[in-house]
Amino acid sequence: MSIQTREAQERLVLHTDVLIIGGGMSGAWAAIAARQAGAEVILVDKGYCGTSGVTATAGPTHWWVAPEQREAAVDARAVPTLGLADKSWMHRILAETWQQLPTLAPWYDFARNEQGQPIYAALRGPEYMRALRQRMLASGVRILDHSPALELLVRADGSVGGARGWQIRQQREWLIRSAGVILATGGCAFKSHLLGSGNNTGDGLLMAAEVDADLSGMEFSNAYCVAQGQTTMTRAMIYAFATYYDASGREIAPVREADPSVRTFDLATALLEGPVYCSLHRVPEDIRRQLAEISPNVPLLFNRARLDPYQQRFEVSLRAEGTIRGTGGLRIINEFCQTLVAGLYAIGDTATRELVAGANTGGGAVNAAWALSSGVWAGQALAQQALSQGRRLHETADGAGQVGLGSQTAAKNSGLSARLVAQVRDEMLPFDKNFFRTEVGLNQSLDRLETAWQEARQQLTGQGAEQVKAREAAALIASARWCYRSALARPESRGLHYRQDIPDSSEAYQYRLNTGGLDQLWVRPEPAAGVPA
Amino acid sequence: MIEVVIRNRCTGCQKCLEVCPAQVFELGVDGLSSIARQQDCQSCYMCELYCTSDALYVSPNCEQPEGIDEQTAEASGTLGYYRRYSGWDEWAGQHPNRHWVMGSVFQRAKVLLGPTKNELEKH
Ligand SMILES: Cc1cc2nc3c(=O)[nH]c(=O)nc-3n(C[C@H](O)[C@H](O)[C@H](O)COP(=O)(O)OP(=O)(O)OC[C@H]3O[C@@H](n4cnc5c(N)ncnc54)[C@H](O)[C@@H]3O)c2cc1C
Numbered sequence: 000m001s002i003q004t005r006e007a008q009e010r011l012v013l014h015t016d017v018l019i020i021g022g023g024m025s026g027a028w029a030a031i032a033a034r035q036a037g038a039e040v041i042l043v044d045k046g047y048c049g050t051s052g053v054t055a056t057a058g059p060t061h062w063w064v065a066p067e068q069r070e071a072a073v074d075a076r077a078v079p080t081l082g083l084a085d086k087s088w089m090h091r092i093l094a095e096t097w098q099q100l101p102t103l104a105p106w107y108d109f110a111r112n113e114q115g116q117p118i119y120a121a122l123r124g125p126e127y128m129r130a131l132r133q134r135m136l137a138s139g140v141r142i143l144d145h146s147p148a149l150e151l152l153v154r155a156d157g158s159v160g161g162a163r164g165w166q167i168r169q170q171r172e173w174l175i176r177s178a179g180v181i182l183a184t185g186g187c188a189f190k191s192h193l194l195g196s197g198n199n200t201g202d203g204l205l206m207a208a209e210v211d212a213d214l215s216g217m218e219f220s221n222a223y224c225v226a227q228g229q230t231t232m233t234r235a236m237i238y239a240f241a242t243y244y245d246a247s248g249r250e251i252a253p254v255r256e257a258d259p260s261v262r263t264f265d266l267a268t269a270l271l272e273g274p275v276y277c278s279l280h281r282v283p284e285d286i287r288r289q290l291a292e293i294s295p296n297v298p299l300l301f302n303r304a305r306l307d308p309y310q311q312r313f314e315v316s317l318r319a320e321g322t323i324r325g326t327g328g329l330r331i332i333n334e335f336c337q338t339l340v341a342g343l344y345a346i347g348d349t350a351t352r353e354l355v356a357g358a359n360t361g362g363g364a365v366n367a368a369w370a371l372s373s374g375v376w377a378g379q380a381l382a383q384q385a386l387s388q389g390r391r392l393h394e395t396a397d398g399a400g401q402v403g404l405g406s407q408t409a410a411k412n413s414g415l416s417a418r419l420v421a422q423v424r425d426e427m428l429p430f431d432k433n434f435f436r437t438e439v440g441l442n443q444s445l446d447r448l449e450t451a452w453q454e455a456r457q458q459l460t461g462q463g464a465e466q467v468k469a470r471e472a473a474a475l476i477a478s479a480r481w482c483y484r485s486a487l488a489r490p491e492s493r494g495l496h497y498r499q500d501i502p503d504s505s506e507a508y509q510y511r512l513n514t515g516g517l518d519q520l521w522v523r524p525e526p527a528a529g530v531p532a
Numbered sequence: 000m001i002e003v004v005i006r007n008r009c010t011g012c013q014k015c016l017e018v019c020p021a022q023v024f025e026l027g028v029d030g031l032s033s034i035a036r037q038q039d040c041q042s043c044y045m046c047e048l049y050c051t052s053d054a055l056y057v058s059p060n061c062e063q064p065e066g067i068d069e070q071t072a073e074a075s076g077t078l079g080y081y082r083r084y085s086g087w088d089e090w091a092g093q094h095p096n097r098h099w100v101m102g103s104v105f106q107r108a109k110v111l112l113g114p115t116k117n118e119l120e121k122h
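So the protein lines, in turn, are chains U and Z.
Take the first sequence: its position 152, counting from 1, is numbered 151 in numbering that gives the first Met the number 0, and each next residue is one higher.
Take the second sequence: its position 106, counting from 1, is numbered 105 in numbering that gives the first Met the number 0, and each next residue is one higher.
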């Protein structure tokens with residue numbers, strides 16, 4: 000693609016059956032499914048569909064269980080959901096993933112086991128997204144890269160009929176009318192430097208809330224992942240063998256389980272005291288040798304830092320994941336992943352994952368199976384809606400954005416976005432605020448976030464690329480407020496949500512929390528349908 | 000963070016302009032890629048993976064630039080490492096994608112290290 004630095008051009012106006020906002024794995028699967036159902040599809044991404052988002056940089060292992068083992072697998076996986084998931088949805092994602100993943104074989108070179116059978120469950124991110132992109136293009140999906148959505152378009156009857164955004168490289172506005180919209184903008188990582196999450200700023204959550212969609216599970220928004228100090232490298236497999244030490248050389252966070260995330264509690268505690276060092280001396284020789292071919296970016300960073308991680312101790316940190324590998328997101332109201340709003344669907348990390356992961360992280364298998372499956376269902380459903388009801392282009396559809404969309408070009412505004420983002424980071428990244436939660440601390444954070452929100456409401460403006468940043472800042476503040484407002488409404492500890500002032504769980508709170516609102520936030524309980532074994 | 004484009008390697012193919020999710024690069028007047036918005040770099044390393052001439056160097060430090068120059072980048076001996084061990088382009092067939100063994104690695108860790116006594120205490 001050649002870049003164009005000329006003056007702002009006339010806007011790009013298009014219409015289609017299905018518009019998908021966000022090109023990670025969930026958006027890509029939705030696009031493929033919608034094309035297969037006979038719809039015309041446009042997918043827009045803030046970055047480049049193939050490299051942007053957490054799918055591209057990670058390597059999702061999908062929940063992958065043969066039919067005869069599913070009953071037992073679901074029973075086992077339901078336990079850590081702590082009463083908030085729904086077993087029928089867990090079965091649905093297992094079945095859909097089992098059916099869909101092998102269809103990627105022409106585009107992804109699946110490894111084979113000794114019996115010559117392909118191994119489908121685990122795909123490396125860049126190759127996975129490259130395969131999905133190639134498949135989309137082959138099936139006629141139109142992809143607009145570097146084209147962030149700014150706001151949804153809403154018809155007089157309240158249904159969603161398109162979106163408006165900005166093409167960064169062409170420096171022009173885009174406006175796309177469609178039968179409906181699928182939000183696939185990923186989770187919100189609060190600009191934490193979690194690998195691949197830079198564009199995941201909660202834009203979809205804000206856009207949806209502006210048309211009165213609601214959310215669920217936002218209190219489960221505080222997963223953290225270990226990484227080599229000062230780096231983004233949260234591909235953490237090798238840390239399953241890690242030994243950690245404090246500055247005095249005392250061992251901390253002794254292994255409880257191989258899953259590194261289980262050690263977060265002890266690591267966060269130690270990191271509040273001072274630096275934490277890691278040794279990988281226990282990694283078996285053969286795994287050291289294979290690491291470059293498993294996760295090539297991991298040894299790349301060790302090498303660049305001139306570090307022999309198997310001999311030398313090195314500093315590590317924890318990167319906040321926000322709602323990514325948490326479970327919060329837009330609430331969905333039916334099996335097609337529609338939100339509360341007609342014509343608007345939410346998939347992957349943009350949607351709540353409480354239905355399949357409950358109160359605990361869905362990372363490590365469930366989230367990827369969810370992203371794939373929710374994408375397929377929403378893609379099929381919106382395609383069908385488009386084909387039966389049409390695009391409804393004769394109706395008007397107006398921009399529904401409410402914050403950060405003023406177009407004055409005051410120079411101070413780029414500074415304002417950056418300052419607001421810094422404020423949100425200050426509330427959402429520190430362990431003593433987001434990991435070890437207390438009523439007092441949550442209230443203090445909410446007060447400061449409220450002030451930030453008011454400022455955004457009144458002063459955040461910008462044009463073009465500045466407007467994109469303004470919207471990111473607004474979405475980050477809004478997302479942070481839903482997280483902490485929900486956390487306050489759960490006066491217990493459950494799964495990811497840890498209240499230092501109330502460390503125990505209580506039967507009385509075995510329900511989900513829905514939340515929403517922009518200026519006036521609200522939270523209300525919703526009974527969880529599925530009760531685990 | 001992206002530090003430097005190695006000019007005698009860059010061919011001006013503009014692939015990095017296309018794939019960078021943060022629009023960090025622009026085409027310079029010399030027809031080569033140039034770093035226009037270093038602070039926007041997300042340290043995702045995707046530009047390095049897609050650069051067939053191994054002309055890009057992203058430093059491990061994602062928080063601030065380190066002032067790495069072309070010579071230091073070359074001398075690191077790590078240019079093109081990500082693409083090579085990913086088995087992309089001319090490396091196809093030489094470095095198989097072993098990502099799928101991750102599951103068994105976690106199993107090995109579990110067996111090797113074993114759960115300790117208070118495994119579930121805090122969780
Ligand atoms: C390090 C790591 C390892 C993981 N490992 C596993 C695992 O092993 N198993 C598992 O199940 N899960 C795992 N997960 C979680 C899993 O990767 C995610 O659940 C899944 O990739 C989410 O896909 P997605 O399509 O919803 O979001 P993403 O892949 O994040 O894609 C979101 C896309 O939306 C775009 N976007 C954002 N805002 C806008 C906007 N305004 N306009 C247009 N586009 C926009 C972004 O540019 C991005 O391309 C892991 C996560 C991480 C971070």
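It is worth saying that the hints were derived from the structure and are not from the lab.
Some clues are possibly wrong.
Examples of chain U residues lying across from chain Z (beta carbon under 7 Å, computed) [unchecked claim]:
1. 56
2. 68
3. 229
4. 240
5. 242
6. 295
7. 300
8. 519
Derived contacts from chain Z toward chain U, CB cut-off under 10 Å, selection only [claimed, not checked]:
9. 22
10. 34
11. 46
12. 47
13. 51
14. 64
15. 80
16. 82
17. 101
18. 102
Quantities reported herein were computed from a predicted structural model and do not represent experimental measurements.
From the three backbone atoms N, C-alpha and C, an ideal C-beta is built for every residue, glycine too.
Hint check:
1. 56: With a closest approach of 5 Å, the residue 56 of chain U hint holds.
2. 68: violated (15 Å)
3. 229: Hint on residue 229 of chain U: holds, closest Cβ of chain Z at ~5 Å, below 7 Å.
4. 240: holds (5 Å)
5. 242: violated (9 Å)
6. 295: holds (4 Å)
7. 300: holds (5 Å)
8. 519: Since chain Z brings no Cβ nearer than about 34 Å to residue 519 of chain U, farther than 7 Å, the hint is violated.
9. 22: holds (5 Å)
10. 34: Result: violated, 14 Å to nearest chain U Cβ.
11. 46: holds (8 Å)
12. 47: Given a least distance of 8 Å, the restraint on residue 47 of chain Z holds.
13. 51: violated (14 Å)
14. 64: violated (12 Å)
15. 80: holds (5 Å)
16. 82: Because about 8 Å separates residue 82 of chain Z from the closest Cβ in chain U, which is inside the 10 Å limit, the hint holds.
17. 101: With Cβ-Cβ at 5 Å, under 10 Å, it holds.
18. 102: Where the cut-off is 10 Å and the nearest Cβ of chain U is about 6 Å from residue 102 of chain Z, the hint holds.
Going down the numbered hints, you'll see the structure goes against 2, 5, 8, 10, 13 and 14, while the others check out.
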